[in-house]
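Q: Letter by letter, the chains look like this.
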Amino acid sequence: MEFIYYFGDVFSPLSFMLLLGGTIGGLILGATPGLSPTMAVALLIPFTFQLEATQGLILLGAAYTSTVAGGAVSAILLKIPGAPANIATTLDGHTMAKQGHGAKALQLSFLSSAVGGIFGVLLLIFLTPVLADWALAFGPSHLFWMAILGVTVIGSLDSASVVKGLLSGCIGLWLSTIGFDDIMGAQRFIFHPSLGGGINIIAALIGLFAIPQVLTMFAKGRNSGAAEVIAVQKHSVLDALRELIRRPRALTIGTVTGSVIGLIPGVGGQIAGLVAYDQSKKFSSESEKFGKGHSEGVIAAESANNAMVGPSLVPLLTLSIPGSPTAAVLLGGLLIHGIFPGSDLFDNHPEVAWTFINSMLIGQILMCLFGLYIAGLAARVAQVPQSVMAAVVLALSVFGAYSVQSSMGDVYVMACLGIMMFFFERYGFSAAPLVLGLILGPIAEANFIQGSMIANATDGMTTYFLGGALNKLLITIVLASIAYSAWMELRQRRSQTPADKTEVRT
Amino acid sequence: MNRTQHILPSGLVFAVGVWITWISYTQAPAEAFLFPRLIATVFVVLAGWTFAKAVMGKSKVGTGLSRSMMLNILPGLAVMGVYVFWAATAFGFYTATTVAFFVLLSLYDPSSHRDAWVWVKRAVITAGFIAVMYALFALLLKVYTPREILF
Numbered sequence: 000m001e002f003i004y005y006f007g008d009v010f011s012p013l014s015f016m017l018l019l020g021g022t023i024g025g026l027i028l029g030a031t032p033g034l035s036p037t038m039a040v041a042l043l044i045p046f047t048f049q050l051e052a053t054q055g056l057i058l059l060g061a062a063y064t065s066t067v068a069g070g071a072v073s074a075i076l077l078k079i080p081g082a083p084a085n086i087a088t089t090l091d092g093h094t095m096a097k098q099g100h101g102a103k104a105l106q107l108s109f110l111s112s113a114v115g116g117i118f119g120v121l122l123l124i125f126l127t128p129v130l131a132d133w134a135l136a137f138g139p140s141h142l143f144w145m146a147i148l149g150v151t152v153i154g155s156l157d158s159a160s161v162v163k164g165l166l167s168g169c170i171g172l173w174l175s176t177i178g179f180d181d182i183m184g185a186q187r188f189i190f191h192p193s194l195g196g197g198i199n200i201i202a203a204l205i206g207l208f209a210i211p212q213v214l215t216m217f218a219k220g221r222n223s224g225a226a227e228v229i230a231v232q233k234h235s236v237l238d239a240l241r242e243l244i245r246r247p248r249a250l251t252i253g254t255v256t257g258s259v260i261g262l263i264p265g266v267g268g269q270i271a272g273l274v275a276y277d278q279s280k281k282f283s284s285e286s287e288k289f290g291k292g293h294s295e296g297v298i299a300a301e302s303a304n305n306a307m308v309g310p311s312l313v314p315l316l317t318l319s320i321p322g323s324p325t326a327a328v329l330l331g332g333l334l335i336h337g338i339f340p341g342s343d344l345f346d347n348h349p350e351v352a353w354t355f356i357n358s359m360l361i362g363q364i365l366m367c368l369f370g371l372y373i374a375g376l377a378a379r380v381a382q383v384p385q386s387v388m389a390a391v392v393l394a395l396s397v398f399g400a401y402s403v404q405s406s407m408g409d410v411y412v413m414a415c416l417g418i419m420m421f422f423f424e425r426y427g428f429s430a431a432p433l434v435l436g437l438i439l440g441p442i443a444e445a446n447f448i449q450g451s452m453i454a455n456a457t458d459g460m461t462t463y464f465l466g467g468a469l470n471k472l473l474i475t476i477v478l479a480s481i482a483y484s485a486w487m488e489l490r491q492r493r494s495q496t497p498a499d500k501t502e503v504r505t
Numbered sequence: 000m001n002r003t004q005h006i007l008p009s010g011l012v013f014a015v016g017v018w019i020t021w022i023s024y025t026q027a028p029a030e031a032f033l034f035p036r037l038i039a040t041v042f043v044v045l046a047g048w049t050f051a052k053a054v055m056g057k058s059k060v061g062t063g064l065s066r067s068m069m070l071n072i073l074p075g076l077a078v079m080g081v082y083v084f085w086a087a088t089a090f091g092f093y094t095a096t097t098v099a100f101f102v103l104l105s106l107y108d109p110s111s112h113r114d115a116w117v118w119v120k121r122a123v124i125t126a127g128f129i130a131v132m133y134a135l136f137a138l139l140l141k142v143y144t145p146r147e148i149l150f
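Chains as they are written, first to last, in numbering that gives the first Met the number 0: chain P, 0 to 505; chain G, 0 to 150.
It should be emphasised that the hints constitute simulated quantities derived from the structure, not laboratory data. Hints may contain errors.
To be verified - In silico BS3-like cross-links for lysine-lysine, where the CA-CA straight-line distance does not exceed 30 Å:
id: 1; chain 1: P; residue 1: Lys219; chain 2: P; residue 2: Lys97
id: 2; chain 1: G; residue 1: Lys57; chain 2: P; residue 2: Lys219
id: 3; chain 1: G; residue 1: Lys59; chain 2: P; residue 2: Lys219
id: 4; chain 1: P; residue 1: Lys219; chain 2: G; residue 2: Lys120
Unchecked claim - Example chain G residues on the side facing chain P (calculated, C-beta under 8 Å, incomplete):
id: 5; residue: Ile22
id: 6; residue: Leu33
id: 7; residue: Tyr107
What the hints assert, rightly or not - Over the 12 Å line for every Cβ pair with chain P, so calculated as not near, a few chain G residues:
id: 8; residue: Asp114
id: 9; residue: Ala115
id: 10; residue: Trp116
id: 11; residue: Val119
All of these numbers come straight from a predicted model, not from anything done at the bench. Glycine included, every Cβ here is placed at the ideal spot set by N, Cα and C.
So that you can see chain P by itself, here it is in the shape it has in the complex (with noise of 0.2 Å):
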């Protein structure tokens, strides 16, 4: 129960205000189509260098949370998912918007995610610490194990391809080995001047995000990309949370399904929603309602997608693997902050850690609170032409990544790698397991050099890094991910019609 020490900290000024701005400014990102809420929130990070660690992670911690939730306001009335995580939003929310009951959508989602968003904060709160005390028996090759645990899972299956998925991985790690080596002080990849201090973090994940965003912007042309808004007629709130409530099921089933997703690393809210929506439809008695307008839809697709949130940190804040996408960029917003997550983070800085997590508890609220009165608002800046979205992140990109340390060479390094990441993932290359490694990277090359050095002391590589219970556990579970997704690939490729695959090779 220590976080209840903290809960005062989240109502400091300024912590409370970066709370407030966080959430309103991440509905109204989240609304807007192209903006999601990986790129959201690093693009938001040079804006907390000047902050405290703690300030800092509730402004992240504020927009990723209301980013997941804004997304729905444009499935529901532009037919236009803010992210992917709102798909499923879609295909009852914006049918109902259609059908004249915009506004019981737009209340049943953000109440549906505020009740699926603070059961995955409580269990963030309970599961953290306990996971956190298990990580310290943690040595050297088990962190090794785990670092590459993280590049594989994202890798295999947050991707198309697993080879491709594993190869971006790769790149990442690889990536994070340019520049000086630690011990030996020797030159690794400088291939140019810009690289001497080693790829920025910050730089490469506002490059990598946003860059392709905005070339995926240009390649629309001269299209206005603004959707018709469907207007929101006025519903009493009170009566949506007497839908809410006569619909428990649904509820249930989106926050179970959410937080459970949440906690498998690489999953991720994308398919959080559209498994909730897919299960509460089997359970329901009114099944044959589904995609024509059906309450029960969109409250599980919004209550799983933010149930998601919480439980995608533990990992993250435990062991160091990011849930998801955005928890990776989230983990870049620690370590630029000199905290690294695992017991560390809360035996010695628990004021950080529990700030963050209550801020997100609170920020639930608020975000439903905000989201109520906002949502006309948001729809409408969503509507916002393509040509300045473009524009606006580019500039937004350069600025920020030249503000981490002041480089012309991390705004090339940003460019690059953004140009890069947009013709690769044509290809199926991902950017998420490619972050990964480059995040992952350093904290898997300290184990890996620490534990060689024992290991020459000791029994030798292979007992060391391959023996033990805990390093099989981890190997299995490596390969286990990189099998299960393989097979995944494969079935799926074998139930693809003719038609199917002349599409995809198109």
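On the provided structure of chain P, position chain G as indicated by the hints.
A: Same frame as chain P, but now just chain G:
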């Protein structure tokens, strides 16, 4: 999507893989390249596999690039390249951003280029955005950017 489109990125990644493997195994001190060797070995195997699949025409993942998409991207990419790699330091961040923002807005704005009011609107949006950026980065965050002209 034709085979060449897959061969180019896979070939590039494979070439990088071969290069880092060669560097990792030949550069001294060997201790500094212990971890890169491990990564490079896995990297080159996976990259070789991907390249071989692309050469055999078995790469199926990804949407590829169409001619129209490339034609749409190229002007923006050119502006972005000039802005990031030259203008930002040559003219100063704010001046370069103003010009790049206005040019990009004009290039991709679907509104008519013959309407004078549209040009005024674009200029006002650009001025408003730069004012916000200046307030945020120069005044609030106190980020000292390269300054050459105007700011």
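Q: Holds or violated: Lys219(P) and Lys97(P), Cα atoms, limit 30 Å.
A: Satisfied, since the Cα-Cα distance of roughly 27 Å is no more than 30 Å.
Q: Answer holds if the nearest beta-carbon of chain P is closer than 8 Å to that of Ile22(G); otherwise answer violated.
A: 6 Å, holds
Q: Hey, is Trp116(G) genuinely clear of chain P, shortest beta carbon separation above 12 Å?
A: Per Cβ check, Trp116(G) is outside 12 Å of chain P; nearest 16 Å; holds.
Q: Should the label of Asp114(G) as a non-interface residue stand, given a Cβ cut-off of 12 Å to chain P?
A: Nearest chain P Cβ is 14 Å from Asp114(G), so the label holds.
Q: So if I understand the rule, the pair passes when the alpha-carbon distance is 30 Å or less; does Lys219(P) with Lys120(G) pass?
A: Given pair Lys219(P), Lys120(G) holds - Cα atoms ~22 Å apart, limit 30 Å.
Q: Ala115(G): least C-beta distance to chain P exceeds 12 Å?
A: 18 Å, holds
Q: So Val119(G) supposedly isn't at the interface. Is its beta-carbon more than 12 Å from every beta-carbon in chain P?
A: 15 Å, holds
Q: Within 30 Å, alpha carbon to alpha carbon, are Lys57(G) and Lys219(P)?
A: Distance ~28 Å between Lys57(G) and Lys219(P) Cα, so the pair holds.
Q: Does Leu33(G) meet its interface restraint, that is, does its C-beta lie within less than 8 Å of any C-beta in chain P?
A: Leu33(G) check passes; min Cβ-Cβ to chain P is 7 Å, inside 8 Å.
Q: Check whether the Cα positions of Lys59(G) and Lys219(P) lie no farther apart than 30 Å.
A: 23 Å, holds
Q: Does the nearest C-beta of chain P fall within a distance shorter than 8 Å of the C-beta of Tyr107(G)?
A: 4 Å, holds
Violated hints are absent here; each numbered hint is respected by the structure.
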